[in-house]
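Counting in full-length UniProt numbering, the sequence shown runs without a single skipped number right up to 327 at its last residue.
Don't take each hint at face value.
Said to hold, decoys possible - Derived DEER-like restraints, expressed as beta-carbon distance ranges: (1) 194 to 154: 31 to 41 Å; (2) 250 to 287: 47 to 57 Å; (3) 116 to 184: 48 to 58 Å; (4) 194 to 59: 36 to 46 Å; (5) 325 to 193: 20 to 30 Å; (6) 250 to 313: 15 to 25 Å; (7) 191 to 3: 40 to 50 Å; (8) 51 to 282: 36 to 46 Å; (9) 255 to 282: 22 to 32 Å; (10) 3 to 186: 45 to 55 Å; (11) 265 to 48: 41 to 51 Å; (12) 151 to 92: 32 to 42 Å.
Worth flagging that the hints you see were computed from the coordinates, not collected in a lab. Everything numeric in this text was worked out from a predicted model, so none of it was measured. Glycine included, every Cβ here is placed at the ideal spot set by N, Cα and C.
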Amino acid sequence: MLNNKSVLITGGTGSFGKQCVRMIMERYKPKRLIVYSRDELKQFEMQQEFAAPAMRYFIGDVRDGSRLKQAMRDVDFVIHAAALKQVPAAEYNPMECIKTNIDGAQNVINAAIDNEVEKVVALSTDKAANPINLYGATKLVSDKLFVAANNIAGGRRTRFAVVRYGNVVGSRGSVVPFFRKLLANGATELPVTDPRMTRFWITLPQGVQFVLKAFARMQGGEVFVPKIPSSRIVDLAEAIAPGLPTKIVGIRPGEKLHEIMCPADDSHLTLEFHDHYVIRPAITFTSPVDYSANCLGETGRPVSQDFEYNSGTNPHMLTVEAIRELI
1 MLNNKSVLIT GGTGSFGKQC VRMIMERYKP KRLIVYSRDE LKQFEMQQEF
51 AAPAMRYFIG DVRDGSRLKQ AMRDVDFVIH AAALKQVPAA EYNPMECIKT
101 NIDGAQNVIN AAIDNEVEKV VALSTDKAAN PINLYGATKL VSDKLFVAAN
151 NIAGGRRTRF AVVRYGNVVG SRGSVVPFFR KLLANGATEL PVTDPRMTRF
201 WITLPQGVQF VLKAFARMQG GEVFVPKIPS SRIVDLAEAI APGLPTKIVG
251 IRPGEKLHEI MCPADDSHLT LEFHDHYVIR PAITFTSPVD YSANCLGETG
301 RPVSQDFEYN SGTNPHMLTV EAIRELI
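Take these sequences, add in the hints, and give me the full structure.
Written out as structure tokens, the structure is:
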């Protein structure tokens, strides 16, 4: 699928971007693989690991529409991974989050349409479903922009889809490396927000694989949601530090007890496939699309009324032993 194609990854020096580059270079022979990001040091460090002839490194910010348009020239596939993701930082710096996550999303859309990019997949988050914090709200707007972009593209070939999943095991800023750092510094207890709290979990390779498969599955306008396991935060703490006491510190501003990836309000739009869900667009496209059968020939069926994909009621709840294997 990506052989002899040009691929651009925004936010390409992040945890997802590096894993994505690694897997694309292992499985395909792209014509060009462009890392687009704003941090020159991270790009320099990444070049030491990924220096194949197909690799390109573009300094640029998704806030800069003209630079994006230049970077996407003759690009076939775009993965939009750039975002400001820290919940407290977004609450404290709201306009900066809006500029990157919303204005940046629209810049990606405009540049892709202007350059006749074939397909764009944008990364979302479980926090975009029924959002209660600014980060989640900006990602919900971003999701809506990418879905609506299929109408804006009109007769041009560019098609857009969204991939939404939960916490990534071991990614920068996530709880697993945070707990491990505390243990390395001699912590005698681990802070837990609330013993009832649950989260969805996915590994980086699984996340990348799901995004790459979305290119093959997509028709345009879908929000793809993988079927992934959940865990209780107290079980995660036990898996990382068996027998170590925990300290309940309370939910931080903008946090939920449980995360949602398919809201009940979208149940009439949601289709269940064997390993994922698809949330169909609420808007009507100029050309009707049958989302119950994707481009790989996989078929889905409507979920029950008021169905909700919730980390607290997820039937696939990891045990302490299973968490240990995952991390």
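Verification of the supplied hints:
1. 194 to 154: 31 to 41 Å: Since the Cβ atoms of residue 194 and residue 154 sit about 48 Å apart, the hinted range of 31 to 41 Å is violated.
2. 250 to 287: 47 to 57 Å: holds, 50 Å
3. 116 to 184: 48 to 58 Å: Holds, at about 50 Å.
4. 194 to 59: 36 to 46 Å: The hint (36 to 46 Å, Cβ to Cβ) holds, given that residue 194 and residue 59 are roughly 41 Å apart.
5. 325 to 193: 20 to 30 Å: Once the Cβ atoms are compared, 24 Å apart, the range 20 to 30 Å for residue 193 and residue 325 holds.
6. 250 to 313: 15 to 25 Å: Holds - the Cβ-Cβ distance for residue 250 and residue 313, about 23 Å, lies within 15 to 25 Å.
7. 191 to 3: 40 to 50 Å: Since the Cβ atoms of residue 191 and residue 3 sit about 47 Å apart, the hinted range of 40 to 50 Å holds.
8. 51 to 282: 36 to 46 Å: holds, 45 Å
9. 255 to 282: 22 to 32 Å: holds, 27 Å
10. 3 to 186: 45 to 55 Å: holds, 50 Å
11. 265 to 48: 41 to 51 Å: Given about 47 Å between the Cβ atoms, the range holds.
12. 151 to 92: 32 to 42 Å: Between residue 151 and residue 92, where Cβ atoms are some 35 Å apart, the hint holds.
Going through the hint list in order, the structure does not satisfy hint 1, though it satisfies all others.
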